[in-house]
Amino acid sequence: MSGKEKKTVKTVIDGKEYAFPQGTTILEAAKSVGIEIPHFCYHPGLSIAGACRMCLVEIEKMPKLQISCHMTVDDGMVIHTNNERVKKARKAMLEFHLVNHPLDCPVCDQGGECNLQIYYMMHGNYISRLRENKVKKTKKAFQIGPHVMLDQERCVLCSRCVRFCQEISKSNELGIFQRGDREEIDVFPDMQLNSPYSANVVDICPVGALLDKDFRFKTRAWYLESADSICPRCSRGCNIEIHYNLNRPWKNEGRRLARLKPRCNLEVNDWWVCDEGRYSFKFIDDDNRIEGPLVRTDGKARNTGFKEALELAAESLRNSAASTDVEIAVLVSPRAANEELYLLKHVFSEQLPGTRLVFSSATPFEPTEDDILRKKDKNSNTRGAELMGLTPDSAQVWSLSELKDAVLAGEIGALYICYHDITGLPEEFSAGWAEALERIPLVVYQGTNTCPTSEKAQIIFPAAAFAEREGTVTNFEGRVQIQQKVFEPLSEALPGWQIIQSLGVALGGSYEYESAEEVFADLAKNEPAFAGLSYEKIGSGGFVAKDAKA
Amino acid sequence: MSVSFPEKDRKLVEEMIRHYPHKKSAIGDVLYLAQKHFGYITPEVELYVASLLDLPASYVHQVVTFYSMYLKKPVGKYLIMLCDNVSCLLCGAEDLLGRIKEKLGIEVGETTQEGKFTLWTVECLGACEQAPVMMINDKLYGNLTPDKLDRLLDSLE
Ligand code: SF4
Ligand code: SF4
Ligand code: FES
Ligand code: FES
Numbered sequence: 022m023s024g025k026e027k028k029t030v031k032t033v034i035d036g037k038e039y040a041f042p043q044g045t046t047i048l049e050a051a052k053s054v055g056i057e058i059p060h061f062c063y064h065p066g067l068s069i070a071g072a073c074r075m076c077l078v079e080i081e082k083m084p085k086l087q088i089s090c091h092m093t094v095d096d097g098m099v100i101h102t103n104n105e106r107v108k109k110a111r112k113a114m115l116e117f118h119l120v121n122h123p124l125d126c127p128v129c130d131q132g133g134e135c136n137l138q139i140y141y142m143m144h145g146n147y148i149s150r151l152r153e154n155k156v157k158k159t160k161k162a163f164q165i166g167p168h169v170m171l172d173q174e175r176c177v178l179c180s181r182c183v184r185f186c187q188e189i190s191k192s193n194e195l196g197i198f199q200r201g202d203r204e205e206i207d208v209f210p211d212m213q214l215n216s217p218y219s220a221n222v223v224d225i226c227p228v229g230a231l232l233d234k235d236f237r238f239k240t241r242a243w244y245l246e247s248a249d250s251i252c253p254r255c256s257r258g259c260n261i262e263i264h265y266n267l268n269r270p271w272k273n274e275g276r277r278l279a280r281l282k283p284r285c286n287l288e289v290n291d292w293w294v295c296d297e298g299r300y301s302f303k304f305i306d307d308d309n310r311i312e313g314p315l316v317r318t319d320g321k322a323r324n325t326g327f328k329e330a331l332e333l334a335a336e337s338l339r340n341s342a343a344s345t346d347v348e349i350a351v352l353v354s355p356r357a358a359n360e361e362l363y364l365l366k367h368v369f370s371e372q373l374p375g376t377r378l379v380f381s382s383a384t385p386f387e388p389t390e391d392d393i394l395r396k397k398d399k400n401s402n403t404r405g406a407e408l409m410g411l412t413p414d415s416a417q418v419w420s421l422s423e424l425k426d427a428v429l430a431g432e433i434g435a436l437y438i439c440y441h442d443i444t445g446l447p448e449e450f451s452a453g454w455a456e457a458l459e460r461i462p463l464v465v466y467q468g469t470n471t472c473p474t475s476e477k478a479q480i481i482f483p484a485a486a487f488a489e490r491e492g493t494v495t496n497f498e499g500r501v502q503i504q505q506k507v508f509e510p511l512s513e514a515l516p517g518w519q520i521i522q523s524l525g526v527a528l529g530g531s532y533e534y535e536s537a538e539e540v541f542a543d544l545a546k547n548e549p550a551f552a553g554l555s556y557e558k559i560g561s562g563g564f565v566a567k568d569a570k571a
Numbered sequence: 004m005s006v007s008f009p010e011k012d013r014k015l016v017e018e019m020i021r022h023y024p025h026k027k028s029a030i031g032d033v034l035y036l037a038q039k040h041f042g043y044i045t046p047e048v049e050l051y052v053a054s055l056l057d058l059p060a061s062y063v064h065q066v067v068t069f070y071s072m073y074l075k076k077p078v079g080k081y082l083i084m085l086c087d088n089v090s091c092l093l094c095g096a097e098d099l100l101g102r103i104k105e106k107l108g109i110e111v112g113e114t115t116q117e118g119k120f121t122l123w124t125v126e127c128l129g130a131c132e133q134a135p136v137m138m139i140n141d142k143l144y145g146n147l148t149p150d151k152l153d154r155l156l157d158s159l160e
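Just so you know, the sequences run in chain order A and B.
Reading the first sequence from the start, the letters are residues 22 to 571 in the working numbering.
Reading the second sequence from the start, the letters are residues 4 to 160 in the working numbering.
If you're looking for bench data, these hints aren't it; they were derived computationally from the structure.
Values in this document were obtained by computation on a predicted structure and should not be read as measured data.
Honestly, I wouldn't trust all of these hints.
If you only want the chain A side, here are some residues facing chain B, beta carbon under 8 Å, derived [claimed, not checked]:
{"id": "1", "residue": "193"}
{"id": "2", "residue": "194"}
{"id": "3", "residue": "196"}
{"id": "4", "residue": "198"}
{"id": "5", "residue": "209"}
Think of the CB as a built atom: it goes at the ideal place given N, C-alpha and C, for glycine as much as any other residue.
Build the full structure now, drawing on both the sequences and the hints.
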């Protein structure tokens, strides 16, 4: 905090005195001491609307109940968040909110994670007194943009989504139109809810009025488990939760990963993620995953098991190294985790000295960028590679085009490709590569999914996707963050660092790391930029590497 | 954008904006001007007004749909707004309504074929002392009787 510290005030909440920084809202203050006050319209990332009146509390000496999302704590304040008067008001508010709400829960995708449901069970629980017909709204299961479905009747008019579109995405598609009991949420006529951040409104909608088209009806929320991770889709490294389902493979077409949700990190992404990131996980459960180590002879690929493939790779690489006319090159990926990059650097320089490292941060994705979250660099770990000296800033590392020149000059005897689908890159990077790949006597590919580039390889190693292995990535500002292992790698796939380590062993080295964390411990010892870091220190919020220049 | 104000109205808009500390506060006035000029307010007009006031179109649409007196659809040359709240009803508004419907051959909410009259019923016009009352466009007519109503409607060109 800049300037002088905020004054502390003493406030009594539910019979206990606490000290809070002046200016804290009652709702946040209560939350910080473990008292949850129900609310719909309040969201810590948005302006205060005071629209839903669910958060009413009693403040002694004030005649009327006050909204705790807006009222701030003060010296001598005595607050009751749960006495009879407050409970009665809450119940009445819920009754209002439910007057025109349809009985949709059994068929509503929000079921199980709906605040209206939860609050009703906790604070409502009355028998309906309503004899009047409910006011029907027109748009139900109505698509309002590429990712979002609208159900107007389920809306509690909290205006969170409207404020998100005004204040965060600044795209202003949504509004609350009409008046009174005809009020309804909608997009401006003929507009689409299609900002690059559109699906965040689904997360903040407290009810089932805005739903994720992609996730809808795939599985029930209560079947999902959650693990913390980092979005792999750009160098911002937004903090996310991975929601997955392993126990009911008949749901969601057997896909394990059901959806990504933003995880709040005020240093990185606040409460949000972009749509590109949110839907970037499909490749993990795709049919084109590489499931086993393949060796291709006479155009036919066969699964040989890891042992044989590794031995063959080691032997071929060594043969290539023995020749004085040609070089071995490794195309390093800025999407590989720090641990994998570290091993790559060591295994090749130790076992096959003189190996040429090549680096490219090109991706098939559009280089979208804005001043909200998205960064042009669509890799999760370019910065990590940079901090380890694996990018073309270091003179020994080549760019993709330098590599191509060498290939065309017949100087490359073997190429080990990590993750890159070179031929699938935009024209300026991929031009000529389909042909160039044919000119290399040995191409080894390590990756997650079959692609035109892997099709050109003689040896293919199946790598675990980011959700299938533990590892760290370094975002654009040098923040090192952990991607947890969420579930086992598909079939025979292995974490990248493990593949590289096994290759190192097959090449005659001795590498005996038992876990990514162990690799990281060594990395932190040997790479000055990462000095002093450990998984523990990185924790769930990440930690900025030492030499990271902004 | 295909809709826009003529020069003199644009001057008016500037004046309206000067009345308020914030540009967006002029929205009511500007919308009313737009309604006068274009007849009714379409999304296209909303986009135009939004551009004049540096507001999101969705914001303008919120205001337009909130107030019933911003017209979203075309109305006849004469918009009849008959009060059907309690004071007026007690003083005979019901008869007047029947009379208008019969005379013009339209129901509440409808417009006569040639586009001359539109009939609305509205909430209390705040002129109960003259009940029954109605407005035609901007003008209030009080102490109505069926005869007076007839004469009034006949006198409109
Ligand atoms: S759609 Fe959801 S977020 Fe938007 S106003 Fe309604 S309840 Fe709130
Ligand atoms: S901004 Fe980048 S890191 Fe964040 S969600 Fe989008 S793609 Fe993922
Ligand atoms: S949360 Fe306080 S009024 Fe809605
Ligand atoms: S009731 Fe008609 S003017 Fe008041």
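Going through the hints against the structure:
Annotation: residue 193 of chain A was flagged as interfacial toward chain B, and the flag holds, the nearest CB pair being 3 Å apart, inside 8 Å. Given hint, residue 194 of chain A at the interface with chain B, holds; its Cβ is 6 Å from that chain's nearest Cβ, closer than 8 Å. Look at residue 196 of chain A: its Cβ gets to within about 4 Å of chain B, closer than 8 Å, so that hint holds up. Restraint check, residue 198 of chain A versus chain B: the minimum CB separation of about 4 Å is within 8 Å; hint holds.
The closest approach between the C-beta of residue 209 of chain A and any C-beta of chain B is roughly 4 Å, which is under the 8 Å cut-off, so the hint is satisfied.
The structure shown violates none of the earlier numbered hints.
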